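Mind docking these for me? Both chains are given alone in their own frames, and the hints should help you get the complex.
Residue numbers (my numbering), protein chains in the order written: chain D, 1 to 340; chain F, 1 to 119.
There could be a bad hint or two in this list.
Said to hold, decoys possible - Coverage of chain F stretches by chain D, computed from C-beta distances (three or more under 8 Å per stretch; other residues unrestricted):
(1) 43-53
(2) 62-70
(3) 78-87
(4) 97-109
As the list claims (entries may be wrong) - Derived SDA-like pairs: lysine to any residue, alpha-carbon spacing no greater than 20 Å straight-line:
(5) 115(F) / 97(F)
(6) 67(F) / 50(F)
(7) 292(D) / 46(F)
(8) 82(F) / 184(D)
(9) 186(D) / 113(F)
(10) 82(F) / 147(D)
(11) 186(D) / 52(F)
(12) 134(D) / 167(D)
(13) 115(F) / 188(D)
(14) 95(F) / 51(F)
(15) 186(D) / 80(F)
(16) 115(F) / 43(F)
(17) 111(F) / 183(D)
(18) 115(F) / 59(F)
What the hints contain is simulated information worked out from the structure, not anything from laboratory work.
Quick caveat, the model's predicted, so the values are computed rather than measured.
Using N, Cα and C, we set each Cβ at its ideal position, and we do this for glycine too.
Below are the chains, spelled out letter by letter.
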Amino acid sequence: MKEKKQDLIDQNLQDLNNDGIDRRGFLKCMAWAGTGLVWTLSGGIPVSKAFAKGMGKGAAKGGDFTFVQISDSHIGFNKPANPDVTATLQTAINKINAMPHTPDFIIHTGDLSQLSKPSEFDTLDQVLKGASAKDIHFVPGEHDMLSDNGEQFLQRYGKGTKGTGWSSFDHKGVHFVGLVNVANLKAGGMGSLGNEQLEWLEDDLQSRSASTPIVLYAHIPLWTIYPDWGWGTDDSEQALSYVKRFGSVTVLNGHIHQIMQKVEGKVSFHTAMSTAFPQPAPGTAPSAGPMKVPADQLQRVLGITDVNYLVSGSSLAVVDSPLADSGSSASASGAGPGGS
Amino acid sequence: MTRKNVWIAGLAMPVMIAMLLLFAASPRVTANDQPSAANAAVNIDNFVFGPQTITVPVGATVTWTNKDDIPHTSVSTDGVFKSKVLDTDEKFSYKFDKAGTYSYYCTIHPKMTGKVVVQ
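One chain only, chain F, in its complex shape (with noise of 0.2 Å):
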């Protein structure tokens, strides 16, 4: 553990950089195109899951982020992850232990869907 801590923080500066250049060198580059960060946020604003589709890797953390005034809730159709039911600015976040596509919506507003990608 204290030895992956270091080995991250010594690639952390490196990596930045790269990632910087590379968003300064291709704005296009989104979060549905490639893995994103560890940690990747999911925000709720107008009824629409933003964004719909997210690419995380394995072992990355997801937080939805409630924006609007009305209630909402980030529900996997398998059953296999289900927030409680987020206020304004309430959160939820679940960890993606295991590769494949987690489809989810809001049970409140079924019309509202998402995907969650794990690589």
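The shape of chain D in the complex, shown without the other chains (with noise of 0.2 Å):
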């Protein structure tokens, strides 16, 4: 079973390969995938890679990396959906930790606590000192920014960061920007960037080559994917204008538990799982709020996100990864890539 799932995946990273962007083929992998997500950058399209097998020792270049993403941790949330949140936190961290190759660092995009509160900062900090990855960069979600505007948030993990805690930063040829749409919402509205961030990020990108490989990141979709549930932002369509011109171009985002993707053009979308509790597939439940899955399949629909990028191929890969190593989880995914 594992065998076969593993040529799956395979043959849509060969697609991926000839074809440039192969949607179907990727798509495919991303529900069979599940729960976490293996990101390959390589020369800046996207390719989907198994998470422990991609992963293998020696199929490192010089200059390929991988990184991690983690989302939604909501430490400090206890409700039935899952009552102990930090124990599948440190199990995706076990999990990035057996990984063969040590990522070169992990983004988390938001949503650490549930209620921005020191205690609960505290038992995050205390569960990711135990990454082997030692640089994490940080992204706020909007319970990390309750009651104080995110100061307390800035002060913990946006040391170096603009405004609301946005950045940019490159990695081996790579450039990332870490985004925050979670500040000053407006009443009715869905997530927003605001003016200033996007002056900032159209010049942030000004004086990248066409050729350089952008990765955005920010904590609600930048990208539409369900307005009644405010499950987008307001003006990310100002801020992707700005990385039109550019060849090869991934947003990660969380905030709905679950895997959605989207490729447009040369822009690949992707949402990661959470490490607390899933949410429901787009208008499937009244609202958005936490969904209790029985106890044994918690940890098929929480996970990781790797993302391995190679140098000498021509595709970046995107794998997402389940907290439990479960065989059966082929279908696991029901809420599915949402751009199918």
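As structure tokens, this is what we get:
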């Protein structure tokens, strides 16, 4: 069973390498992968890879690298959908630590905490301290900016960032931009970046050559998934207009606690699973509240996202990986990729 | 104050009976249609303020209760009132002393909006 799935993954990988973006194959793979995500940045085009095998020793060449995205830890949440979110975050970290190659860094796409409490951030820090990757980049989720407009978040996780916590950095030829779309939200609206941040973004990208692979990451999706639940960002189109000239753009988000995938031209969008609790697929429940699944199913709908950048190929690979290594989770991704 | 209380006490029973009769006679009467009692409640349930529009008399106190597993806020768009973050089952009350329409929303989930009409 496992071998068969691996074949499917490899096949998709091949298609993607041959033909550029094979959206169907890619989505199929995402449907299989379930809950964690491996992004392989390779020459700038997305390719998906099996979490376990893709990270195998010997694959790495000079300039290749891997990073991991985790999201929505919600430390402090203790309702029936997951009474122990610290334990599932720990499982996610264990999974990262078990990777054959230590990822260069980790990106956390927000909602670190449930209620922005110091004790919640303390617990998160304690768990993350055990991660093999020591370099961790954060953007806030709306749960991290309660009560104090995100001051505490900035103090703890926003060193060297601008505004409400946005920043950019370069890593082995790839340009990463962390955006904040959870501050100063307007009544009736969705996520928002705001003019100041948009101006900064335009400026930040201006000096990069079009061949530089770009990775944008933010908490709320930067594409409209489901407006009724606020699953989108009001001014994301403006932000995306600044990346149009680039050959490879990867957008990583959290917030919706499930995998959604869309490829539009050279821009590949992806949302990651939560490490805390799942949320329903758009419109399938009265609200976006936490979804309770049987306890033995929980770890199949939580996970991490792993991204692997291969200089030698022509692809950027993203693979989702559930916390539970169940061999029977082939169709566990009930939420499924939204783009298909 | 004391006189007022006596007055209210004297009226309370007939008023309650009248209200019961009214509700029994026309079950479609809702809080949206007429000013409700001096103390009104808004429940936050499934990411919705219920009722979305509530009409109350001047001087009424409205209490919001969060019934969700996720925190919410109730914040006036004009800055008139602002709750703290309400975790599950937490409440926030505000007394409306002036007539008018007060729009509010959840600052965490801004798609959630509501109105208090004070008459």
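Quick rundown of the hints versus the structure:
no.	hint	in the structure
1	43-53	holds (count 3)
2	62-70	holds (count 3)
3	78-87	holds (count 3)
4	97-109	holds (count 6)
5	115(F) / 97(F)	holds (15 Å)
6	67(F) / 50(F)	holds (11 Å)
7	292(D) / 46(F)	holds (14 Å)
8	82(F) / 184(D)	holds (14 Å)
9	186(D) / 113(F)	holds (10 Å)
10	82(F) / 147(D)	holds (11 Å)
11	186(D) / 52(F)	holds (18 Å)
12	134(D) / 167(D)	holds (18 Å)
13	115(F) / 188(D)	holds (12 Å)
14	95(F) / 51(F)	holds (17 Å)
15	186(D) / 80(F)	holds (16 Å)
16	115(F) / 43(F)	holds (13 Å)
17	111(F) / 183(D)	holds (14 Å)
18	115(F) / 59(F)	holds (16 Å)
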